[in-house]
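Start counting the sequence shown at 25; every next residue gets the next number (our numbering).
Simulated from the structure, these hints should not be mistaken for lab results.
It cannot be assumed that every hint is accurate.
Cβ pair distances, simulated, as ranges [said to hold, decoys possible]:
#1 G199 to S240: 15 to 23 Å
#2 Y161 to E39: 31 to 39 Å
#3 P70 to E152: 30 to 38 Å
#4 I204 to E39: 21 to 29 Å
#5 S240 to D180: 22 to 30 Å
#6 T234 to G144: 15 to 23 Å
#7 P52 to E177: 23 to 31 Å
#8 R255 to E71: 21 to 29 Å
#9 S47 to G178: 33 to 41 Å
#10 E81 to P153: 41 to 49 Å
#11 A147 to A198: 14 to 22 Å
We put the beta carbon where it would ideally sit given N, CA and C, even for glycine.
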Amino acid sequence: MIRIAAVGDIHMGPESKGSLRPSFETLPDCADVLLLAGDLTRHGTPEEARVVAREIEGLAVPVVAVLGNHDHHADLADEVAAVLRDAGVRVLEGQATVVGNGDARIGVAGTKGFGGGFVGRCAGEFGEPIMKEFVRYSRRRADTLRASLQELEGQDCDVRIALTHFSPVPDTLAGEPPEIYPFLGSYLLAEAIDTAGADLAVHGHAHLGTEHGMTSGGVKVRNVAQPVIGRAFHVYHLAGPERATAGASDDRAR
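Model the full assembly from the supplied sequences, consistent with the hints where possible.
What follows is the structure in structure tokens.
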């Protein structure tokens, strides 16, 4: 059994220092990897990123992250990512990585993703240049996710995970005002996941959303925004080489 710890939307600032470290130090007892699903900072400053870095630096499990919209707010996303990488985090944007803990090979493909909405109520690539660019940006993010998942296919991974900030499905947005669904995710991410294949999809962003969802192709989706899961992280069990089932969350998740 492969154990995946995940959390998003921790929104750390200077006054948050040390608040997650005690829980994160329990990770070796209950998880093989920690996934961070974006919005790690409040305003996307390197100072805030250094607070996050101190929470996860030197942990005994690998840490993989994507950035979120908050992490881009100050237009310093590259600097934020650099601070996290210096602390040992694998920060992904349209890339894949394979991490190991024991005998397990865990493949993670990551992108922030973007909005646009879902089938039947989505933005179209039509009209003003700025509207077309909005949709094209979302499509590019989804295309890189698909390519990254496909890249993992030949790397002898026991499981493949899609890590995003924006949601690939409307299921995990239930509880949010329907009017803002187009700003919380895009069906293009789900299409990419179903086309390339994955064992689990993890995202954040929707603070008032719901934890459990599924793509139309049957890939289980989990919203791990901290306000949704209500803890420092949640742990999911994957069956490993049989591929295919995200089990119940670990009771030991903090």
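For each hint, the structure was consulted:
1. G199 to S240: 15 to 23 Å: holds (21 Å)
2. Y161 to E39: 31 to 39 Å: Holds - the Cβ-Cβ distance for Y161 and E39, about 33 Å, lies within 31 to 39 Å.
3. P70 to E152: 30 to 38 Å: holds (35 Å)
4. I204 to E39: 21 to 29 Å: The hinted range 21 to 29 Å holds for I204 and E39, with Cβ atoms some 28 Å apart.
5. S240 to D180: 22 to 30 Å: holds (28 Å)
6. T234 to G144: 15 to 23 Å: Taking Cβ atoms as reference, T234 and G144 lie about 19 Å apart, which means the hint holds.
7. P52 to E177: 23 to 31 Å: holds (29 Å)
8. R255 to E71: 21 to 29 Å: holds (26 Å)
9. S47 to G178: 33 to 41 Å: holds (36 Å)
10. E81 to P153: 41 to 49 Å: Distance hint for E81, P153 holds at roughly 43 Å.
11. A147 to A198: 14 to 22 Å: holds (21 Å)
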